[in-house]
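K.L.:
Which chain is which? The protein sequence lines are A and B, in order.
Here the first sequence stands for residues 423 to 1016, where the numbers follow this note's numbering.
Here the second sequence stands for residues 682 to 934, where the numbers follow this note's numbering.
Keep in mind that the hints were calculated from the coordinates and are not lab data.
For clarity, every value in this text was computed on a predicted model and none was experimentally measured.
Any given hint might turn out to be false.
Here are the simulated DSS-like pairs of lysine-lysine, each with C-alpha atoms no more than 27 angstroms apart in a straight line [stated by the list, open to error]: (1) B:Lys-740 x A:Lys-879; (2) B:Lys-688 x A:Lys-918; (3) B:Lys-740 x A:Lys-999; (4) A:Lys-953 x A:Lys-879; (5) A:Lys-954 x A:Lys-999.
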Amino acid sequence: MSDAVANHSVHAPAHHEELGFWRKYVFSTDHKVIGIWYGITALLFLFFGFSLMMLLRWQLAYPGQPLQLGWFTKLLGETRMPQGIMLPEFYNQLGAMHGTIMVFLGIVPLAVGAFGNYVMPLQIGAPDMAFPKINLASYWVYFIGGCVMLYSFFVPGGAPQSGWTSYAPLADIASTSQTYWLVGMIFLITSSLLGSINFIVTIVQLRAKGLSFFRLPFFVWAQFITSFLLLLAFPPLEAAGVLQLMDRVAGTSFFLPSGLVVSGQVLQNSGGGNPLLWQHLFWFLAHPEVYVLILPAMGIVSEIIANNTRKPLWGYRTLVYSIIFLGFMSFCVWAHHMFMTGMGTTMSNFFQTTTMIISIPSVVILTSLLLSLWKSSIRFNTPMLFALAFLPMFAIGGLTGLPLGLIAADIHLHDTWYVISHFHYVVAPGTIFALFAGIYYWYPKATGRQMNSFLGKLHFWPSLIFMNGVFFPMLLQGMAGLSRRLYDQTIYEHGKAVQPLSVYISISAWLLAIAQIPFIINFFWSMKKGKKVDSDNPWHSTTLEWATPTPPPHGNFIEPPEVFRGPYEYSVPGEDKDYTPQNERDTKNKKEDA
Amino acid sequence: MNQVSYKDWLPYPPNLSVHGPQIDQLITVVHYVMFVLFVVWGVYFVYCLVRFRQREGHKAEYHPAKGKIAKTGEVAVIVAEALLLVGLSIPVWASWRNDFPPRDTALTVRVVAEQFAWNFHYAGKDGVFGRTDVGLINNTGNSLGLDMKDPHAKDDIVTLNDLHIPVHQPVILELSSKDVIHSFTVNVLRVKQDATPGMMVPIHFEATQTGLFDVGCAQLCGLGHYRMKGQITIETPDQYSKWLTENTPQGGN
Chain A
423 MSDAVANHSV HAPAHHEELG FWRKYVFSTD HKVIGIWYGI TALLFLFFGF SLMMLLRWQL
483 AYPGQPLQLG WFTKLLGETR MPQGIMLPEF YNQLGAMHGT IMVFLGIVPL AVGAFGNYVM
543 PLQIGAPDMA FPKINLASYW VYFIGGCVML YSFFVPGGAP QSGWTSYAPL ADIASTSQTY
603 WLVGMIFLIT SSLLGSINFI VTIVQLRAKG LSFFRLPFFV WAQFITSFLL LLAFPPLEAA
663 GVLQLMDRVA GTSFFLPSGL VVSGQVLQNS GGGNPLLWQH LFWFLAHPEV YVLILPAMGI
723 VSEIIANNTR KPLWGYRTLV YSIIFLGFMS FCVWAHHMFM TGMGTTMSNF FQTTTMIISI
783 PSVVILTSLL LSLWKSSIRF NTPMLFALAF LPMFAIGGLT GLPLGLIAAD IHLHDTWYVI
843 SHFHYVVAPG TIFALFAGIY YWYPKATGRQ MNSFLGKLHF WPSLIFMNGV FFPMLLQGMA
903 GLSRRLYDQT IYEHGKAVQP LSVYISISAW LLAIAQIPFI INFFWSMKKG KKVDSDNPWH
963 STTLEWATPT PPPHGNFIEP PEVFRGPYEY SVPGEDKDYT PQNERDTKNK KEDA
Chain B
682 MNQVSYKDWL PYPPNLSVHG PQIDQLITVV HYVMFVLFVV WGVYFVYCLV RFRQREGHKA
742 EYHPAKGKIA KTGEVAVIVA EALLLVGLSI PVWASWRNDF PPRDTALTVR VVAEQFAWNF
802 HYAGKDGVFG RTDVGLINNT GNSLGLDMKD PHAKDDIVTL NDLHIPVHQP VILELSSKDV
862 IHSFTVNVLR VKQDATPGMM VPIHFEATQT GLFDVGCAQL CGLGHYRMKG QITIETPDQY
922 SKWLTENTPQ GGN
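Same shape as in the complex, but just chain B (with noise of 0.2 angstroms):
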């Protein structure tokens, strides 16, 4: 599932997500704008070759070519360019960071980052995340440092590399780490984010097709920076609801 599809003559990954169809459309766009440039350049250049080689008889000729196209050219790239950021970069870009989704429809998921893997952390059947101290972090099943005494913990769900979330739901991911940056990325929804220790940054999206797919790391943050992989499942809502229901902690209703 989690190929190559050519899609616009170019080797896209699948598209899964809202917002991702937008991000594609930009791409394919520039890509023709770049491929038509190309093209006339190179035309124009391999006549220049062929036509002005020198040989018996040939002159070149001390006036400057006039140059009118040419300059047509730069102000049509220069239109271009304004045309792709001011209709297609910004908006896509305004949305994605500024229009999230309502907090009470939206499924929200802190992620936090270590070297070499993604901690997914839901605030469970209440909603509220449970406080974490780094104090109390350990290596025996407290990475986050989940303080168990806040009540709002205890029904929190800490998954290692396996998130979980329902299609056709926005989901919001608050990102951060541990120790170094990361960054987080599924190719499939056309997300990433450096989740950078220190801040904690929301993105948002919304799948539109269930399956299982990589989560990966795209920035170095160590030796094992290749192996950071997570997996994310897609799922309907039937079923996130049912790994959610068991996988609340006992005791935390």
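Just chain A, with the same shape it has in the complex (with noise of 0.2 angstroms):
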């Protein structure tokens, strides 16, 4: 991969040279297949992440009993399952290695890896990202922190257990595999750093003729925000991993206080760090972090429901200034996944009173997407099903966010149930939800051929009803009092009390696994199958990735594009079709008579 070649495919897109099966469809510098391979790769750890949970959630709804599923059991082990019966330490790992996985390996991928990769550059009308080669380099250092996680389960003593916030002394102290932890964590932030710098400059520099920044896709407004988030969020959990790391291996303290008895043993360490460091660290990532998980898919939604209202976006540009906003006081909320730590009133009441207002943008967001409905004219495809779930979805994710978000009210529902739903109902039906939408959205893009929408539907419906299955009574369980990361909760009254909701939620969870069977087989069987696209354009969208041809040959467009209005001018007046794209001239397609 000589410069010449990544220029050679920069300036003249249309007539590169035939690469090789390895530089074609494996170390591929084009945005379309790194994004393809992120995504892939994405959902395989989704699936694998959504697994994990699976087993934790048999514990959860018969604790103690043995799990006989047969060679599946024995190749669990004596270490993990002995007899079926699952070990407490398995269970941390499970929950750790659930939640580690689920965001850093498979939503963030997903959503900023794949989607920003592959959709980005088409909606600005570039021929590839700014920097190819340092995107190759991106998605290949996150294979290898992913390896590393994976790796680290196979490490004596398990894979770690600390919980994926890997709150110190408990993470300090751990077993061998916190370490590759926060190995695989160092490769996948610097993968991460190294997307972002790329995402920035590809948007800043790369932008077609005509697309200015209130032209742009609210799409790419979105993942615009979410790279400075990670940008800026990132470093700060790096620079904690290294210091974490060495605690462990260099015999420093910085997260370790002095005179510490573990066992009845006194810590033989220098002393005089503070395990409150690590939290503020970690969380200064971990909450923008959250705001990474969700500003995508609120991207991605919104170009669903614009294009399948046949109808503008309601107030662009409040929604745009609504996520420059959000993105920057997500920096200014951290600390109230700390309230409990024993905080004073000057703090507890900045960070309460900024919790508050972060929320008035999502509100703002939640309320244009509901006013772009309006007089709208609705077409129910499977993507827009799912684009729809999202609102009601995100709703109940960022409206219980309100009484955890209030510390006195936080007393009683901080580390229960209640937090788990919260933050769940926000990610899986509302983020995983928004990125399901997107690949029903953009298969025929990257495909020729449509989803099956029997199938989406055969998917869709039940995972609405299971999602719900399981989260909701997340919530009753959460008011009860019931902590979170119990191995075994009947062994308080209130969990006795609530444990009928345990078996409930996990039956739910089991069956949301086998309502995905249908999107497995949608997604391989239209790959052969499917219906092929009438034209470059099916949905009749207006944004420039539709201007290519399908699929995008590497280097994306025939001639560059150049773009005469804003994103989203569907239904205009005068018009003879109901969707003018942005890279159409003014004076053509004009009724005789307007």
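Take each chain as given, in its own frame, and dock them per the hints.
P.N.:
Structural data, given as structure tokens:
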């Protein structure tokens, strides 16, 4: 991969040389190929992370009972599930790795790595990313990080088990695999940093002629703000990860205070560190990270809603200002994750006020999307169903954040299932539904074929029902005061009282897995047998990604596109069709009598 | 006793502390606000889905909705949040964090968490905690490293997973941890506070009913996190002083 090739592919997209198999499909610098790699890898990790949780739900539904699944139980082995009975340390491993994998290896790579990579350059009319080789590097660094994380399951003592938050001192003194977790995180963070710089430069530098910032599709804005969040929030965690690594391997005490006594033995460490420092550094990343998870989802949903309501998005500029404000505020709320650490009133007043303030732009975004439905003409295709379901699901996720953000109410709800339900409503039926919507929506562009709409609906309706079957009862369990992360909840009286709900949740989770089968079948079947698209623009969309050949070749556009208008010119009065693409010249397609 | 009781349509555990009702009131009011918002959005949403579905002869309107009602709604949300914050959350937290009862009327107990148990340290009859030293900690009866050469230590009571407090008397707990972060939680008292090594954080509450309840750990602290359960016995002042006398070590008058 010499510079010559990279330059060649950027400047002369239509006439690039034939590349060999490896360069074309595996080590390609084409943003679309990289995006698809990201997507496939992330989907596999999502499924793996979900599987961990399905296993964990067995213990929660039927604590201490053996899981009799023949060879599968044997495979898990004596150190994890002797005779099929889950050990507490394995339970903690499943919980920690579910969180880590879903956030860092599943959703972020899918929302940013896959959709951002594939769609964003097309939407801005660019031939590729600004730095195609850095793009390729960011995928492979992510891949290595994922392998390190997976390998941690096989080291003595089992996978990391200190939660996805890895709070010190617990993580400092945890078994070997925590070191792998930290090394894995350093790779994943490096990957995100490489990606985010690339995204920012691409959006600033490579927009098509006429594509001003306020003509950018909202999805591009969402990726733009997300990239800034990644770029600014991840370095503190990378630093914190290195510090924790030093605590573990070099005998430092960044997060270890003096006088620790573990299992009756005084810990021989230099001391003087502070466990809360880790929490501050971690949440300074991890709160913006929540918005890294949700902003691309909002972007996808907005595209699909505009397209399928056949109407411009309501308040495009309001939406843009809202996510800019959301991105900024996301750096000012992190300590609301630490309300129960013993915070004084000055700190708590600041952080609960900022937390209430950050809810406002979310309300504005939701309101704008709802107003976009007014006097529209709604097409209920599969992507639209998922995009529409995002709205009430995200609403529940957002609303349940209110009692958690008010510190006095948080005394009762902190570290309970209420919290789990809250953020899963945002991320699972919220973000994951948006990601499904995106897959159904852009699949025809990537493959030239539509996904089957019957299978799509067979995927959507059960998923919607079982998602709520999983997460709604958790609100009730949390309200009853049941703490999260308990290996056996029935040890507590109030845990026994709400135990029937745990059975119900687990069954819903397993049914949710079955509900994904139509999607998996559809995804592969449609590649070969799906209905061929009748044009390059099967959804009759306005944005630039539909102006490319299908699927787009390396270099994307036949000739550099030029943009004449905003992104969502649907149902313009006087036009003979109900969409006016961004790259269409003004004079064409007017009705004779207009 | 320690179960779920529906109150205001929400599945709360029983509420047996003086400050607890304020917390529940806030949670209830927030949920009413959430419920109203969700229903209003939901009704509008479903109406749109039906009314503006694509069909023959129906076309989308290019011009945006006026959105006046929506803007009013957004302002209402801001006002509601501000009221909840300033009217309920901030004052309740301020009194929880700052308005400690005077030390002479309150019972003070030190809580030292460890993997996976709660140590409760009472000052005893003299009201002064004996000196402790991590160097003196051993697994054979001195889990807190109490220095028995200190005269104040002689009458100190240390219990494992067994907290006794009198009803209707303010209690101050001073929380710390020997190893990792734990979180002291008693649902029925609406009490929760992390116990962090290297820090000692005080909390206060007053129980309004007697009974036996669970003390739980709310922060993941290792493989035994789930069984880090203690018991809190809220008893009458007479029962409490009897317990205190019975448990005072010999030689500690």
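K.L.:
State the violated hints by number, sorted upward, taking the hints as numbered earlier in the document.
P.N.:
none
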